[in-house]
Structures are given as structure tokens and as C-alpha cells.
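As given, the protein sequences belong to chains G and H, one line each in that order. Going letter by letter, the first sequence gives residues 1303 to 2038 in this note's numbering. Going letter by letter, the second sequence gives residues 554 to 754 in this note's numbering.
There may be inaccurate statements among the hints.
[What the hints assert, rightly or not] Here are the simulated SDA-like cross-link-like pairs (lysine to any residue), alpha carbons at most 25 Å apart as the crow flies: (1) H:K663 / G:R1380; (2) H:K709 / G:V1341; (3) G:K1968 / G:E1416; (4) H:K636 / G:R1380; (5) H:K669 / G:I1352; (6) H:K709 / G:T1342.
[To be verified] Chain H is faced by these chain G residues, among others (derived, beta-carbon under 7 Å): (7) E1335; (8) V1341; (9) V1345; (10) Q1346; (11) P1353.
The hints are simulated quantities; they were obtained by calculation from the structure and are not laboratory data. All C-beta atoms, glycine included, are put in the ideal place defined by N, C-alpha and C.
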Amino acid sequence: MIENSFNRRDFLKVLGWGGATVALSGCGNTSVEDGKEFVTSYVQTADYIIPSIGTYFNSTCAQCDAGCGIMGRVREGRVLKLEGNPKSSINNGKMCGLGQAGVQAHYNPDRIREPLLRNGDKGEAITWEKALGLINEKVGGVKAENVAFLTGGVSGHVKALLKNYLDALGSGHHYVYEAVAPSIMRAANKKAYGIEMPRLRLDKAKVIVSFGADFLGAWISPVHFSQQYARFRKADNGERGVLVQVESKMTLTGANADRWLAIRPGTEGILALGLINSLAAAGLSVPGDVAAAVKDYTADRVSKDTGVSNEHIGKLAALLKERSPSLIIAGSAAEGYAHGSQNATAIALLNQVLGNVGKTVEAPSGVPFPQMAPTPGNRFALQALNDNMAQDKVKVLFSYGANPVFTAPASMKLKENLKKVPFKVVFAHYMDETAVEADLVLPLDSALEDWATAMPEYIAEGAQLSIQQPLMEKLYPGTLGMGDILLALLKQRRPDEYKGYEDFYSYLRSAMVSNKGALGGANEDDDTFWDTALSRGVVKLVGTPVNISSNASAKGLVVPAPFVEDSAYPLHLIPAVSASLRDGRNANEPWLQESPDPLTTIVWDSWVEMHPKTAAKLGIVEGDIVEVASKSGAIKAQVYVFTGIHPDVISVPLGYGHEAMGRYAKGIGVNAFKILDPVFDKETGELAMHETRVKVTKAGQRVIIVKDEGPAGGNQMGRKIAVRMSSSKVNLSEEV
Amino acid sequence: MYCFLRLSVLLVGLIASAGSYAVNAVQPLTTADDLGPKVEQPIEFPHDRHAGDAAKGGMQINCMYCHTYARRSIVAGIPPLQKCIGCHQSIESVRETPRIKKLFEYWEAKKAVPWKKVHDLPDFVRFNHERHIQRFVFAQNKPVQEACGYCHGDVKTMTVARRQKPLSMGWCVSCHQKDHPVDATSTKTTHGPNDCWQCHK
Ligand code: SF4
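Work out the full structure, taking the sequences as your base and the hints as a guide.
Printed below as a string of C-alpha cells:
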């Protein structure tokens, strides 16, 4: 009765009086707090450091493998914000959102703060001395061939130290693993061009045909490609480049394309060969053997196989013939199949026929220090390690920069096999899924408090050594940098060689200074050289010349016919690599969870992207919770109905669905890695990421999707911004 | 029944606010001097010895020699320990006094002295030292101690600094409303900004 009669007006009246009380108390000097807070001064400082004014220090982004140069704004000894370093030719002063979230990796409340040793189900804090002693004892107690080191892509001085440590142990088992690396494309490029990662000159191309390469979002070096793309769209001569994106699920790059072509999954190679045939028919000179090999790929057949209309194939061929040079890119969508190598080779062949090799597909610079050159990761490495673990060949396992328990498909049974390894050491920032399985967890410094050098796999100009330097003091005294740990481990094995180095910093400095001639500092004294290198954040190297060849041939190139339908599992699953979450290593940074997916605007959850036709057929509407089941497992998530996807395909983003890691990642969404089928590329043995077939059933529930899209963006309130037009009404030739 | 309830609630509110007003009414809102509490510091820094008049045994050091950031930044900052040591390592006469010994202990341990804030404005107020020092000291040629003293009082007579002015908004505004010459030679006058956002950003 009281609640009912005490209505809102009375409440406001009372609040008015109460409010007055508060306001009156505020009028005194009560809010000036004398002598309550500390004001900490510096002990020693440089003249240029002024409290409240930011100072910028250059370093290198460690959020993804692109290795952009960054500069951190540091105030009162704390890093506040990151910007791009203009001196790095990779990103020229720009950055991406994922990189921006680097400060959240650093200040993350879930970071591990001291070494933990397994005691039953719990981790017990131990000292570093004990932890390193334990490692020494364990590696000393097994045969060298039973020690294995699993890492993500490595480069620079940490790679050199790691190699020396493995050499000192006598173990050759270094497995370099990246869950979403373009490894099949690398192999195909190696065959076609003699180079795994050629330089792609988007800025020089007049037409780009990208087969599912999301180079503006998440592919290889997106910040660099975005800048090139800007020049491609607004070339110096005023000619606007045309981008055609061919893929089964729209990516951010697809959304920016002049023409987005939805292709039947896996038929990218057929389209590439069909285009060669059409080009030959249109009068482009094509070598005889190639022409003979593709003559059966008539426009009609290709159109039937790929689902791309005859008309579009014709326009595309005309466009490519008219505008040269062009650039054809094989992205993750093309290479994700059991015949991924063939798809990628067919695309390389198309580039070659169009005469792009040497023009828009260029040779990169060779790296002058091979011991520091990047070792990019692939998925095959994890399979090899997994097999060895299953056969009890691994007794001591180190894991650094990888979270295989999260990224391995369930069918690999990696977690079970890991249990067979008697001693597992995991270097980690968070208690992620792999760290939880470890016997010893060693907490790493964040990338903003650690020393390192990096040579990214994709370097835009010349060769470059990027320097990662601490932007502030360590937050926790109990963490250590990877370089420092490796140095300590090496001191156990090769004391004479390494005892002179107090820490990784002194090692790094002396290694660089003693090589200053080759690092462009021949005429400088040691201190000047070192200080210049740190203040620039990058050291430009004189690259060695590399030759690019046009080896792609039609010989032995068989692109299989399109899939036969599987009635039990009628849909193809595309595990999407999103610009923010990638393979999920950064999922515990809340900015990334909070920033909406660029196409669906969904936040803080996974979703199943589905074409409206497919949804109608299955009686599904937006927000329905569905079960997505493959032969290898099932996940449940909300449906988002979206026209930017082929009707035969559904897509679930990767990186969500952590079972551990931290408060912002755990329990958010579902893990699509788990249900991937064990299908492998026939040539490289890499897991074929797009080969999983699924069936979708309604799970009965329906939710309101949490997303930014709404009336304002959805129907534009009649403002007619970027008016929607059905794709059949767009005339590509007019647009060109 | 419920009418009575409403009335009682209102009355309670009234009494509570009146009580609160009475307590606050004791403190006048704007006064020239409003001595803050004594603040205990890890080292009793003698401002009088450093900045005081020579006749009274002071060294007459310019405020900005130590508080070097005040003219360049919104905060005046506390000088780095290095600055104290810079002079004191060559002042043998006081080297063994308790305070200087303590100072060197911090220095040798490379630890910052945990000073307490004496002039601590609430977080929603943004006071800019640089603007004030540039205006009064550099444009109007006012003596440094006078300019700093507008807000900090006569620090050169204090040992450990103590707040002397109310630092309330009314007090700030009372000064911002006064006209003063634009610079040392000009006859043109101006006054401090009175926009809310100057201080509340
Ligand atoms: S692309 Fe990668 S390296 Fe570059 S800023 Fe983004 S996250 Fe950092």
C-alpha cells in the first residue's frame, strides 16, 4: 500500500529537499581536500618530461603480426594512448582499432602476476628462481628430442635466442603455429613466384580482383593495405581504381568493393580459369599450353559452377583486359579448401597471364640477417606437434604466443594429447585455455613494458627492424619479458657465452651496437646509434635483392568440380576472421568486444550469419537461437539474417567462446574453431578452414540481438544516404 | 494514514536540510584567509629557509627554480628529488642535519618522497598554473612571490606549506571579476574568464 500511494510527484518533492541539503553542503570548502592524497614526484627525470604533458616514445605494436610502428603517449610515467609511428613504412603513422586496444592488454586486470606451479587443480605462486630451476631440471631429465617448443610467428632477437636455446638443448622441435595464417597461399606463391610473400602493389593496380582477401580488415597487414587502397582509389592521375571482391561471405573489404560477387564456396579457382579463357577469347595473348588447359572453362560452364552470372564474368574479363596492370589476390576464402592450393595457383596463373607479375606483384627485399628473419606460422605445425604428443614423443613442452587448446578443432583431441605430456610450460599473459592445462605458467611482461625487436613477414618498403621498447615501468614486479626468460634459460646451458649479459636489454643493446655497421650506423658512436634507433623505433636495413619469377603453369593444375551437395549437412560453414578478434588472442580486451562488427554491428556475442532465403527456408528469423552442427561438434548462437552471404553458406566469427582467459572473454559467444571438420589441403596438409559442412536447426529460443544497427542506420529516417539499390540494377561498365 | 506518512517524510527532509544548512552556515563562503589544516609531510620542508627574505635568514630562491613546471604546464608539480640533491650534495654545512639525512636516504634508495598534496582541488576543477604565471609574472612583470601568493598565500614565511586561501569557486570568481592591466605597460584592462568551461571541462 505504501509503495502504491507514495507516487512519483511526492518522491520528487522529497528529493527536492534532500537535493537542497546536498547542494548546501557542497557550498562550503568541503571538497578541497588538504593533505589527503599523495603527490609523487620523480626521483630523477629528463628535462623534457613535464608533469601533465605527454611525451611520445616509439615502439612496435604486438596486437597482430603486421608489426606496425606505434608511439605511445606517456604522462607521469604511465602510457595513456597509442598512435602510429610515422617513421615506420608499414603503417606510416596510422593504426587500427585492434592496435589501439593494446593499452587494454597492458592494464588488463586479468594478467598473471607471478609464476604458477600446478598443485592438483590449483596454481601455486613460486619464485622465478624456482621456476627456472625446475625447467632446467626437467629438460635435463629427458632426451633432447623429447623437448618441443610451440610458438606463434617469431622474428628478431627473441627468435635468435630461442633458436640458440633449442640448439643448446639439442632439440630441433620448434613448431611455429598460427591458426589463421595464409599458409596455403604462401605455398602457392612460392611455386608461382618463387616467393612466399610478394609485395602487393594495390596502389599501382587499376583493377583489383580479390578472392576473399579481407585486406582492409584482417588480412596480413591491413593498415598498410588500407593506405595503399586509398591511393588506388584516388590515384595521382585521377583514375579511380575498381575493386571487385569475389567471396561467399561479405568481408569489410567486400563491403567497400565496387562489385561484390557472391560465389559458390570453393569455386574460386574455376572462376579464375574461366576468366583466363574469356580473356583469351577476347584477344589477350595467353601462352598456348595455358589456353589449351583452360579451354573447357567456358563462360556458361563457369557460370553454372560458380553461380556468378555470365554477364558478370564477361564484364569482369572486359574490365581486366581494358585496364592494366591489375592485381588478383587469393585470400583466405579461396585457399580454405581441400583444393585450396589449386585455387591459389589458378589465381596466381591469372595474375601471370595478365602480366601483373613484376608490376603489381613485386619482389620484396631479402632480410640481411636470416637468424632474425620472420618465421611465419602455419596450421600444419600444430598437427605435427599433436601427432608427436599422441605418440608420447613429447616429454617437455613449451608454449609461447599460441593458445592451441582454444584454436585447435575438437577433432584433433589436442587437450587429451596434451595430458600425455608430463611437463608443460606455458608463457602467457592470461590464464587462457592452454595456460590452464599447464604444469608451470610463466607470466610475461605486456608488450608495452617489454624489450624486443620484430621483423614482420610483410614489409612494405626495403627491409626494416622494428624496435619494441617499454613505454612504462612494469606494472607487476613478478612478470618477465620473453627475452629475459630465454636469456636466463640460456645462461643455464651456455653460461660462458651469456653470463656477460645482465638482462635482455643489455644483450639487445650490445647485439645491435656491435652490428651497427650493418644497421646503418657505421659512422655513429655507440650511444648515438642506439639512442637514434630507440627514438625512431625502426631501423632501416639495406635489403638484399630477391628475384620474382613467373613460374605458374597450367601443367598439373586441376581444379575440382564444385561440391556435391551433402543432404545431411547442406550448408557450408565459413569461420570468419574479424578485424577485432582475429583468432581470439585479444578477446579479453573489452574495447574489442564493445566495438561493433563493421557489417552486422553486433557486440559482445557470436552470431550466425545467414542469407534471408536460407533463413526463410528454415523458418528462421533474426535472433533465433540455432544449433550449428558439423560432423565434429555443435555450437549454439543467435542468427543474424544478412544478404551479404551466399545462400549455401553460413558464417560464424572466430575468436569468441573462451572458456578461460579473463572476465571479458570467458563465456562470451561460442568457439567456432571447435566444430571445424578435419579436412586438409591436399598439397600442404594445412587444415582447410572453409571445408566444414553443417546443418542448422532451431533451438527454440529467440533473443533480441545486441547491436548498434537500429532505426537510425537501418532505415536512415528518410535521409537517403547511400541509397540501397538492387545489384542487378548496377551497371559495372558504367561505373568504371 | 498515508497523508500523515507523506507529511512526515517531507518534514524529515526539511529538518535534515535545515540542520545541514546550520552546520554550513558557520563557515563563511568567501574570506581572504582560510587557513587549511596542518598537513604532515615526510620531510618538514622549510619554505621560509629556501624562499624567505635574506634579513630573516632566507635564501630568497625564486619559486620557479624548484617548481619549474608551473610556467609550462597546468600543474606546478613537485620538483624531482634530483633537484634537491643537486644543491644539497655540495652544501656540507647542513649535510648531517636530520632532514637532509632523511632526504639522502630517499635518494640512495631511489625512492620518491611521498609528499602529501596541500592544495588539492576537486577533480572537476581544472586550474591552469601556466596561464596564471604567464599572465602575472611574464606579461605583467609581477614579482613571482606575489603572483604565486594570490592563491598560495605567503609561502615564504611558512615551513611546511599550508593552505591559506579558500580555493572555493566563489573565491576564484571574486578575483576573476576584478579588472587588471593586460600587461606591464598597457593601460588596457581585462579580467579573468568567467565561462563555466574554463575550469569545468
Ligand atoms: S594492423 Fe596489427 S600491428 Fe598494425 S596497428 Fe593493427 S593490430 Fe597493430
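Hint by hint, here is what the structure shows:
Straight-line distance between C-alpha atoms of K663 of chain H and R1380 of chain G comes to about 18 Å, which keeps the hinted pair within the 25 Å bound. Only pairs whose Cα atoms come within 25 Å are accepted, and K709 of chain H paired with V1341 of chain G is accepted, the gap being roughly 21 Å. Note on K1968 of chain G and E1416 of chain G: the hinted pairing holds, with a Cα-Cα distance of about 21 Å set against a maximum of 25 Å. Between K636 of chain H and R1380 of chain G the CA atoms are separated by roughly 22 Å; this keeps the pair inside 25 Å, and the hint holds.
At most 25 Å may separate the alpha-carbon atoms for a hinted pair to count; K669 of chain H and I1352 of chain G meet this at roughly 19 Å. For the given pair, K709 of chain H sits about 22 Å from T1342 of chain G by alpha-carbon distance, which is consistent with the 25 Å threshold. This hint holds: E1335 of chain G has a C-beta 5 Å from the nearest C-beta of chain H, less than the 7 Å allowed. At about 5 Å, the closest approach between the beta carbon of V1341 of chain G and any beta carbon in chain H falls short of 7 Å, and the interface hint on this residue holds.
For V1345 of chain G, the interface hint holds, the least distance from its beta-carbon to any beta-carbon of chain H being 5 Å, beneath 7 Å. The closest approach between the C-beta of Q1346 of chain G and any C-beta of chain H is roughly 5 Å, which is under the 7 Å cut-off, so the hint is satisfied. Against a cut-off of 7 Å between C-beta atoms, the interface hint on P1353 of chain G holds, since the closest Cβ of chain H lies about 4 Å away.
No hint from the list above goes unmet by this structure.
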